[in-house]
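Enquirer: As a plain string of letters, each chain reads:
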Amino acid sequence: MSWAIDIIERMFEYGEMSSSAAALVSPWPGSPVSANDTVRELQAKIRQMQATKLDSRSIATHPAIAELLPGGSLKQGSSYSVESSTTLLMALLAGPSAAGSWCGVVGVPEFGVEAAAGFGIDLGRLVLVPHPGEHWLAVTSAIADVLTIVVARPSKRVSEGSIARLAARIRQRGATMIVLGSWPQSEAMLSVSGSSWEGIGNGHGYLSARQVTVTVSTRSGGRPRSTRLWLPDTEQQFRPVNAYSGATFSAPAAIDESFHEAAG
Amino acid sequence: MTRPQTRAVARAQPVNRVMVLWCPDWPISAALLAYGLPRDAAIALVDRGEVFACSAAARREGVRRGLRLREAQARCTTLLVFPYDSGLDSRSFEPVLAAIEETMPGTQLIRPGTCVLMARGPARYYGGEEEAALWLLDRLDSINVHGSRIGIADGPFTAERAARQQKRQRIQIVPEGESAAFLAPLPIGLLDQPPLVTLVRRLGIRTLGDFVALPAGSVRDRFGEDGARLHALAGGLDSRPVIPRVPPEQLDSSVDFWPPLDRIDQVTFGFRASADRFIEGLVAAKLVCTALRIEVESEAGEISERGWLHPRSFSAADVVDRVRWQLQGGSGLSGSGLGSAITRVRVIPESIDSIGNHEDGLWGSGPDERVHHGLSRVQSMLGHGAVLTAVMGGGRTIADRQNLIAWGDTPVSTKPEAQPWPGRLPPPAPTTVFPIASQVSVTASSGEQVDLNDRGMLSGVPDRFSATNSLRDSRPVRAWAGPWPVDERWWDADTHRAASRFQLVDADGTAWLLLLEDHRWWAEARYD
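Those sequence lines, one after another, are chains A and B.
Read in the numbering used here, the first sequence has 12 at position 12, and its numbers run on one by one without any break.
Read in the numbering used here, the second sequence has 505 at position 505, and its numbers run on one by one without any break.
So here's chain B without its partners, still in its complex pose (with noise of 0.2 angstroms):
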């Protein structure tokens, strides 16, 4: 009795014929691209050690969604993992959103791999909503992307259902008014409510055509407004407009050289232009940019890419200076980090922020800005690596212990430094630490190396030191301790690390932090 009524309600509507576009297995066909893989190659991509999604391929050799990693290797040797970035997803969807902006405007974009799209007007534009379907997919088609199915119906969503429906055609259209009748049949799980969905099962109710059957009224009583919304979802009354998306607006910059360049000065000068303008496109837009990523790409083809982080916001010496960093990071020829001559420059904003949030104080920002400024002075002439602050971490050793990080750069997550670590070493810490360990020689007294046993045993007594490793030097040991072995990571033959730590007085009263390891002294650090 209810259903006509329902009906009746739907033509009394405003019908919304809209068009849902699916890439089925998006995170599998995206990274597939990323990683430049064949088409049937066997992939999954892997989160929190469960499988997230499976290529066909795998699919065929028994890998399904949420299987333990070790079993879906166990069912399909060949299978390739990589973990699951659901960035790289959004990321690469970009391009299939621009591409269909070109064809048809307003889109927008429910989740990578699926974007919803008004239907009336590409079906005026094309003659018809099958043709206009057929025009997306070509485009799809023509930038690689395969497969795509097309679904459309009264709102977005029947007209997913109708794209999701497992059927030889690519193209799916559900009549206007019929949204009620297609939906009928299927499962109610696909309300996306697990509580109402659970509980309605255990009503008997196994289909959206039996929770359409359900008096409007009632349900609201019992399920209130959303399960009043969820009950028009399944009766095809989705009355969600597509609201399109506004194209983003070109904020990056780039600056291509030809001939190529193949001096960092040269790249850097040609660059300063583009940088300003960069600069100039973001304040134009009312906003600042706090980290970016700079492209180079060499007439040989190589990308060099790097993301760059500042504390405050870029400005336009600030973007060149990046630039000149990043060619001066690597060691490839000239010294620009890639192979071959520079053909391309290309800065891209990561993330940005209103500029209101960032204007200085009518008496500046007080003194951290000016020591900000003195810094980046600083970096800008010897490079982002050379000006470091320091970050205590977790661990045994002291090289664990210390964090250097650039300035300007957020701190690595590092392991806890208020953990227990048994086996540190007790305050106070050594005052002078060498950045490269230097040999020394310790001697017992009948002159021969002191050396430790199998059995961690010394086999003398230290009595001479010499901080040079040459018997020249060397003076009386006034007081020692140790050996206090460390032996770490033994499961791992690359990080593994056994050796013996001293701590030794020599006879000026200057005490020192040695190692022994693989029967050779080494000094660690001084405490001076």
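Pulled out of the complex, with its shape left as it was, chain A reads as follows (with noise of 0.2 angstroms):
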């Protein structure tokens, strides 16, 4: 029973009595499932408890990107993942990096390194490697190893136990990792919808900004969040759009795009 007096104490201590209570009962009464289901409830609930019970320190995020993280920012220790977008990676990078931290890019040769200084991302601070090869696993951890924050692109299918291996290092370390694309053991799937660029007609004008909706989904399952962001705006920062800030802004942005539309 220590497993249940522990989970007691960690709803005490995180004041998530409501979501973690309910998490408990729910499998338990109506159980017509089968030994299979319940074991696999039982490994979920063992996974979510060992993500709570990390002595999780929190590193500077972007706040606009902040509140959709569980627990409110990026923390050592876990892995992220992010699908489809760089832009996304970049505004997740851009607030460690601008305090101080070092980032690494492992295999990702395609890493525009102009945007990436525009969004405020130190190039000093800024590592590269762009082709691991076979020996991307190995890259990873060393590079997890030293720096705080690791963007890797899993170059092939990884076993599960690589993955287990490296997610351990980087508990261990205290880094942080960001995955393009999926990651069996990431804390929370960031990936981005509707994106409607800003600036550019049907021949004239440019990009100059763009609305997303940022879409975050934890790995325990709750309800995806999402927003809608300037990603970027034309100031090339990252900000929320929302009524009272982006008045003056917004306003002729939904014009501009409803002439997109009548002109298209």
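Some hints here could point you the wrong way.
[Said to hold, decoys possible] Below, a list of computed lysine to any residue pairs in the SDA-like style, where the Cα atoms sit at most 20 angstroms apart: (1) Lys415(B) to Leu404(B); (2) Lys156(A) to Met381(B); (3) Lys286(B) to Gly356(B); (4) Lys156(A) to Gly133(A); (5) Lys156(A) to Leu382(B); (6) Lys415(B) to Arg396(B); (7) Lys415(B) to Leu123(A); (8) Lys415(B) to Gly124(A).
Calculated directly from the structure, the hints in this document are not laboratory data.
Bear in mind that the values here come from a model prediction, so they are computed numbers and not experimental data.
Mind assembling these two chains? They're in different frames, but the hints should get you there.
Expert: Given below as structure tokens:
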């Protein structure tokens, strides 16, 4: 019963009583499920507990994205995965890099350095390993030993065992890993959708700003949270799209868009 | 009235007999040796657009020092032109100094091509000053340094003047105490002090003798300590002692392989002990090495040479790593960078520093050192060029603006970013820059590919876009802008580039930076 006590202790410590208690109660009352399902449920429970059991210190995160992430910021020792948007990746890196952390990018030869510099990532503390080849795992672990944030794209299918080893290494070293693509151990998965560009028309203008919906789904399986962000806005900053702060800005943008649609 | 006085002073001082060796046109001799040219080639060394030195053959054709390059080439059409490299001069004079030191001790380098020795010791050993000079010339001829001249006199100034005399004999001896008489007819311009020389010339003094005739006290009053020194020099009273150089310690380390090795791991393993010895030698001399040069010789006589920098200082394992990277870097037979098996590896320290400046602090030297160690480990896994840092540069294309340099190397000088670069893309910059541009297709509503005519007009409005260049994947274009022509370096056929850039947003909301070059569309980057 020690684990149950543990859960209850956790509950009070983190004030997550409602959700944890609900999760604890739900599988058992009506249990028409087989033993396998029960085992899976329990495993999920253990994983969730492991994640929260970490002495996880948060690292500086860009405020626009921080509120979407579980726990309100990027955590040391955790992995996050980003789907199909390098801008979102750079938005994640910008906060820690500006706060003085070192960032490493492994296996992403197309990483746009100029954009990174424009978004506030310090190039003096950015290390690129574009082609790790077959040494992907070793290089990522070696980089995670010394740098605060590691961005990685798994070069090919990696085995479950090596994923677990890498996750343990990262947890031990207190690094943060951001994986481009899906990653089974990730704390949260970030993706973008509904991207709409400003400043460009049919044959005139140029790309100047973009609004996207950023969706974050967590491993514990809660409801995905999403918000509309400028990624980036015309000043190359990231900020939420909302009525009061962007009143002067978003109104003409909306007109612009309707105009484009009319023109198109 | 004054001259007898100065002579009297000369006798009072201890006489300092010295021998000056002068190799005429040393920059030219060094360049001929370095570029492997015949001795009668007409070559000129150019510094900032003007001839710095020229060979005898070129001089016969009318090339002179200080001539503009174009005029020199007009005078001598077969002239070979090389940039002047003062480092090469010093480097190639080093073996000459070593050869002199084998024959006679106590050499002082004045400048590459000229050195001074104490004459007394060799004169006693070889039985006379002239005999000693003959031995020295013999030794130099034996190491292929021809045409050198020797002057022997009281003090380096007079001896150098004697060596530089335009006479047939290669050895000029000014007897003891005769220096003032020897210098007297020489022009005043030989004193290396242009303001004083100009002024004294205006006073009607043309030769060193005239200058010496001025009373020493008056010269000191008018020109100060510096003038008094030159006055004494012109009178043959050169009190500068010869400070023999300390032969540099042999810090380099090399290992010979017999039989030659053709596998990289064998070479690095065989080199490990010498790397240890190399670092131990440095530590014993209380030095650390921050830059070194590695020479690898192969059986066929090829030499692969490369300099390596280290942001801190080399350890033995670092040196072995650099040897391996240098061997892996080439793409020759067996990946060694050389065509045949390797016979010799040599490490030469290029810049060294006192060990005290590089000692770790009591609690380590902060996080950056840890970062460096970790990244060096990755470098030893993947190779030197696999770990990169980025520096922004100036330019119009994305490739020009982002410069990637290997970890530990110093950034090469790039074009300044701050200058205006008309025609560059406005921010935001694309976040995904394809290392190799991929071909895409942009079609008009008629189904034909959109193209530009000679006047830069589009043949149609972009309607559908396919990122994979196949019609099956094509999707509607939501917005587009362009063309923005980029026509760079039209004066240079090799680097000339003419293309048109477009920005395009597809139906998913992904934006692309496209390039239309030679009627084909390329995706250069993506805003995702």
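Enquirer: Hint numbers the structure violates, sorted upward?
Expert: none
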